[in-house]
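Residue numbers (the numbering used here), protein chains in the order written: chain E, 1 to 112; chain C, 1 to 110.
Don't take each hint at face value.
[Said to hold, decoys possible] With a cut-off of at most 35 Å between alpha-carbon atoms, the simulated DSBU-like pairs for lysine-lysine come out as follows:
(1) K97/C - K14/E
(2) K97/C - K9/E
(3) K42/C - K14/E
(4) K14/E - K70/C
(5) K57/E - K2/C
(6) K71/E - K42/C
(7) K67/C - K9/E
[What the hints assert, rightly or not] Where chain E lies over chain C, by a calculated footprint (3+ residues, C-beta under 8 Å):
(8) 42-50
(9) 97-109
I should point out that these hints are in silico values taken from the structure, not numbers from a laboratory.
Beta carbons are placed, not taken as given, at the ideal position from N, Cα and C, and that holds for glycine.
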Amino acid sequence: NAGVTQTPKFQVLKTGQSMTLQCAQDMNHNSMYWYRQDPGMGLRLIYYSASEGTTDKGEVPNGYNVSRLNKREFSLRLESAAPSQTSVYFCASQVSGANVLTFGAGSRLTVL
Amino acid sequence: QKEVEQDPGPLSVPEGAIVSLNCTYSNSAFQYFMWYRQYSRKGPELLMYTYSSGNKEDGRFTAQVDKSSKYISLFIRDSQPSDSATYLCAMEESFQKLVFGTGTRLLVSP
Numbered sequence: 001n002a003g004v005t006q007t008p009k010f011q012v013l014k015t016g017q018s019m020t021l022q023c024a025q026d027m028n029h030n031s032m033y034w035y036r037q038d039p040g041m042g043l044r045l046i047y048y049s050a051s052e053g054t055t056d057k058g059e060v061p062n063g064y065n066v067s068r069l070n071k072r073e074f075s076l077r078l079e080s081a082a083p084s085q086t087s088v089y090f091c092a093s094q095v096s097g098a099n100v101l102t103f104g105a106g107s108r109l110t111v112l
Numbered sequence: 001q002k003e004v005e006q007d008p009g010p011l012s013v014p015e016g017a018i019v020s021l022n023c024t025y026s027n028s029a030f031q032y033f034m035w036y037r038q039y040s041r042k043g044p045e046l047l048m049y050t051y052s053s054g055n056k057e058d059g060r061f062t063a064q065v066d067k068s069s070k071y072i073s074l075f076i077r078d079s080q081p082s083d084s085a086t087y088l089c090a091m092e093e094s095f096q097k098l099v100f101g102t103g104t105r106l107l108v109s110p
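When you get a sec, could you build the whole thing from the sequences and use the hints?
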């Protein structure tokens, strides 16, 4: 099993460009998450999806949109990228009723 | 004040040393406490999980929670170079409200 797979691993954008980060899990987990990790700030929750068809804002949702396409896939979209969105983005999934998150390997995004 | 405080390090120790990593928190409603390990350019992976106060041991790792002091610790015995990573504490009041510390970078030298 692959666990949580994120694509792309690396991306460089110019300010104002848009892009979508893809995430897929093969563990039949109900909940999925998008975090960003910045030096000195730790992991901060952007959006999460408790189940297929639902999404909710986390701590830092501004500038992002998400889509829970099906139970396996949860995408994160930047409509108009800004340099402040330069970060490492992690997708995670969680089985219902448990506190444990399984993370992907991360997507490194640089916005120039 | 952040909800969870963690010294960023780096913490440098020789191989075989006992390592103590710590976090303090301000929200007394936190009930679930976790330690994640993150190797360079990888995603975090769960290392230890405890519910409420007390100790939990798993091999060379011991997690300790003191809710009265709002303080959690991770001890690593007989540290190895392969333990070199960033250690993130995390805690949760209820499902889907996980709060992470900023992480402590640990370097174990041979």
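Original post:
Of the hints given before, which are not true for this structure?
Top reply: 4 and 7
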